[in-house]
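S.K.: Residue numbers (this note's numbering), protein chains in the order written: chain A, 1 to 68; chain B, 1 to 160.
Hints in this document: simulated from the structure, not taken from any laboratory.
It cannot be assumed that every hint is accurate.
Claimed, not checked - Examples of chain A residues lying across from chain B (beta carbon under 8 Å, computed):
(1) Leu-22
(2) Val-25
(3) Ser-26
(4) Gln-28
(5) Thr-29
(6) Ala-32
(7) Thr-42
(8) Trp-67
Every residue gets a Cβ at the ideal spot worked out from N, C-alpha and C, and that includes glycine.
Okay, here's what each chain looks like letter by letter:
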Amino acid sequence: MKNSIKIERAKKNITQAELARLAKVSRQTINAMELGKYVPSTVLSLRLAKIFEVEISEIFTLEDSDWD
Amino acid sequence: MKLNFLFPNKFKKIGWFTLIPSAIIGLVTLIYEYEPSFLDFNVPAIFVDEITLSESKRLFGMVNNNILNEILGVLIIISSLLVAFSKEKLEDEYISKIRLESLVWAVYVNYGVLLFSFLFIYNFSFLWVMIFNMFTVLLFFIIRFNWQISKLKKSAYYEE
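Take the sequences, apply the hints, and build the full model.
M.R.: Structure, rendered in structure tokens:
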């Protein structure tokens with residue numbers, strides 16, 4: 001799964017640490033998500049969508065490998 | 001998803017402060033077979049099977065025992081549970097995932113070591129395996145989990 005957290009973060013001009021605080025997770029988790037190492041839960045995805053004020057599908061996109 | 005069977009974060013420190021000294025003392029007294037006589041007590045027991053002059057097998061009974069190893073064993077088990085299963089400062093879902101993975105890993109490693117020992121260690125030496133095996137699942141978990149967390153903190157040190 002691809003995500004545009006880093007891009008959305010740049011648009012909002014906030015750091016990983018600020019986003020982490022807003023989403024109530026650790027900065028390491030934000031970092032791991034941006035690097036594609038961690039796929040967030042539905043709850044965290046919804047929180048991110050709310051923070052960025054976009055639809056959830058604008059942040060996360062399925063890849064072919066997600067169907068395997 | 002609020003129920004996670006973990007202790008509050010503050011218990012982690014208490015756990016470490018108890019675990020380190022009791023593990024060291026436990027290991028030393030085990031190796032030197034130190035059993036101070038003031039800790040000899042008659043204690044209640046079940047499944048008593050004493051090798052005495054008149055060999056007796058009883059379901060319940062009193063046995064004479066040095067309680068130092070019991071005290072240390074209890075301290076080590078409780079404190080390693082606290083160290084292993086106290087929440088991180090910010091226990092989020094990613095940490096929980098690492099926790100679960102580390103637990104699976106620790107169980108595999110523990111039983112891998114046990115299988116090996118089972119096949120190649122015999123007689124009295126195997127007693128040592130059993131003694132250490134009481135604590136190794138938690139020990140392997142603690143090592144692996146903390147290693148992963150510190151790796152994570154390092155990898156996220158530089159932003160962008």
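S.K.: All the hints need checking, so say for each whether the structure fits it.
M.R.: Quick rundown of the hints versus the structure:
Interface restraint check for A/Leu-22: the shortest CB-CB distance to chain B comes to about 13 Å, outside 8 Å, so the restraint is violated. Taken as an interface hint, A/Val-25 checks out: its beta carbon lies about 4 Å from the nearest beta carbon of chain B, inside 8 Å. Below 8 Å, beta-carbon pairs count as interface contacts, and A/Ser-26 has one with chain B at about 5 Å; its hint therefore holds. The interface hint given for A/Gln-28 is met, as the beta carbon of that residue sits about 4 Å from the closest beta carbon of chain B, less than 8 Å.
Interface restraint check for A/Thr-29: the shortest CB-CB distance to chain B comes to about 4 Å, inside 8 Å, so the restraint holds. About 6 Å separates the beta-carbon of A/Ala-32 from the nearest beta-carbon of chain B, less than 8 Å, and the hint is met. The beta carbon of A/Thr-42 is not positioned within 8 Å of any beta carbon in chain B (closest approach about 10 Å), and the interface hint is therefore violated. Annotation: A/Trp-67 was flagged as interfacial toward chain B, and the flag is violated, the nearest CB pair being 22 Å apart, outside 8 Å.
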